[in-house]
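**Q** Each chain, written out:
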Amino acid sequence: DVKVTQSSRYLVKRTGEKVFLECVQDMDHENMFWYRQDPGLGLRLIYFSYDVKMKEKGDIPEGYSVSREKKERFSLILESASTNQTSMYLCASSPPRGYGYTFGSGTRLTVV
Amino acid sequence: GENVEQHPSTLSVQEGDSAVIKCTYSDSASNYFPWYKQELGKRPQLIIDIRSNVGEKKDQRIAVTLNKTAKHFSLHITETQPEDSAVYFCAASKGTDKLIFGTGTRLQVFP
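Sequences listed follow chains A and B, in order. Just so you know, the first sequence maps onto residues 1 to 112 in the working numbering. Just so you know, the second sequence maps onto residues 1 to 111 in the working numbering.
Hints were generated in silico from the structure; no laboratory data involved. Possibly wrong hints are sitting among the right ones.
To be verified - Calculated pairs, DSSO-like style, for lysine-lysine (alpha carbon to alpha carbon, straight line, at most 30 Å): (1) 3/A x 37/B; (2) 57/A x 18/A; (3) 42/B x 18/A; (4) 57/A x 42/B; (5) 70/A x 42/B; (6) 3/A x 57/B; (7) 3/A x 53/A; (8) 42/B x 22/B; (9) 55/A x 42/B; (10) 3/A x 71/B; (11) 53/A x 94/B; (12) 3/A x 42/B; (13) 70/A x 94/B; (14) 13/A x 42/B; (15) 57/A x 22/B; (16) 71/A x 42/B; (17) 58/B x 3/A; (18) 94/B x 57/A; (19) 37/B x 94/B; (20) 57/A x 68/B; (21) 57/A x 3/A; (22) 68/B x 22/B; (23) 22/B x 71/A; (24) 71/B x 58/B; (25) 71/B x 71/A; (26) 37/B x 57/A; (27) 71/B x 57/A; (28) 37/B x 55/A; (29) 94/B x 55/A.
Please build the complete structure, drawing on both the sequences and the hints.
**A** Shown next, in the form of structure tokens:
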């Protein structure tokens, strides 16, 4: 059973802080994704990666960056957190020629 | 890029009734359409999916239909039960490419 683990379930950060959200998967998946979930807006794609060291912008990359130094780990970075980045962040992974994602449990980030 | 619209945003049904959620997509090259269920406080989980080479797929009480010409697909839940209460998301992609999600439907099933 694929496991996708997000390091924090809840985070509270101050405006201007640099924030790291970590995601680790244990099934050797090439593809990893970061989404944010907001009521009425669904899941919006921030960044994704199809391989180590590779990253591509999704639909809402502004204010975010990512790091994929190892295959199993995909980090989302908020360079300078702002209140409008308060949200639920979901990480997901999938195999290279497989259909469907496995999601992590999510990190609820509050920026004050 | 792909855009997925989902309706309705909320849906309330009596236990035992059917529920239908509809999605439309914009990119005619999309060929994979999964549905995810997210219970309160939990992660989204894949419940059923369909590829563009079939028009309908069924798994017990849930079914998905696809109309490629009209670019829309629907989730049908029959004989609804209180445990079906959740948020449901449709999504679309080209093959195994990234998924683009709809805005979600909150389904409430009243006993």
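**Q** Enumerate the violated hints, using their earlier numbering and listing them in ascending order.
**A** 10, 23, 25
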